[in-house]
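Chains as they are written, first to last, in the numbering used here: chain A, -11 to 65; chain B, 44 to 187.
To be clear, the hints were calculated from the coordinates, so they are not data collected in a lab. Just so it is clear, CB atoms sit at the ideal spot from N, CA and C, and this is done for glycine as well. Hints should not be assumed to be uniformly reliable.
Some chain A residues close to chain B (C-beta under 10 Å, calculated; not the full set) [said to hold, decoys possible]:
hint : residue
1    : A(-3)
2    : A38
3    : Q43
4    : E55
5    : P60
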Amino acid sequence: MTVKVLYFARLREELGRDGEQAELPAEGCTVAGLWENLHGEPPPQRLMTAVNQSQAGPDTPVRDGDEVAFFPPVTGG
Amino acid sequence: MTVMIHHEDFDPWDALRAAEQGIPVEARGAASVFVGRMRDFNEDDTVTGLFLEHYPGMTEQELERIVEAAQQRWPLLGVHVAHRVGEVRPGDALVLVATWSAHRAAARDACSDILERLKHEAPFWKRERLADGSSRWVERNTPG
Chain A
-11 MTVKVLYFAR
-1 LREELGRDGE
9 QAELPAEGCT
19 VAGLWENLHG
29 EPPPQRLMTA
39 VNQSQAGPDT
49 PVRDGDEVAF
59 FPPVTGG
Chain B
44 MTVMIHHEDF
54 DPWDALRAAE
64 QGIPVEARGA
74 ASVFVGRMRD
84 FNEDDTVTGL
94 FLEHYPGMTE
104 QELERIVEAA
114 QQRWPLLGVH
124 VAHRVGEVRP
134 GDALVLVATW
144 SAHRAAARDA
154 CSDILERLKH
164 EAPFWKRERL
174 ADGSSRWVER
184 NTPG
């Protein structure tokens, strides 16, 4: 399955890219599993995530065609 | 209820006057307003500019979700939330939260709740430029 991955702010700068297409072997993946598949380690502790532009957690399922975003804690206002 | 993302400098008082138009004046006994502007200092350093990044699409949806939650909780006549993105200079308005209700407690409490949730939940990130030319991502909100 194919997933659109986005990175924001400091994370985008550290990784040197604002996103990528992830090709995953099968259904049944989670947000944390997607990160591990792409980066070879568990997601950093303070990382925030969204699936299809809604807040998500590490255990949120990821499906074919989803947009998954990873970003640092937010600092608006 | 309106949620606005401004890519250029905006006047919060003009935005407020415009937002108020749609609410019957005889009913709105109370308005509560918060305007946040960019400071020229942070953590003992002089800050000369700010870049505000957002997540187009999700940011608007999160703001709408926060406003809808407030509308469920308090009897509000109107809500206007505006937030700046892009290159910001000291003194520019960053955020406007305005709530209207028949009575002061609902207006005041909803305004405060929307602002605090916005600061902790809506996807915005600040990168500040310092006087020596360096820049850094802001890692956390000020406590209050």
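Checked hints:
A least Cβ separation of about 4 Å between A:A(-3) and chain B falls short of the 10 Å threshold, and the interface hint therefore holds. Checking A:A38 against chain B: minimum C-beta separation of about 6 Å stays under 10 Å; hint holds. Against a cut-off of 10 Å between C-beta atoms, the interface hint on A:Q43 holds, since the closest Cβ of chain B lies about 7 Å away. Hint status for A:E55 relative to chain B: holds, with the closest Cβ pair at about 9 Å, below 10 Å.
Restraint check, A:P60 versus chain B: the minimum CB separation of about 7 Å is within 10 Å; hint holds.
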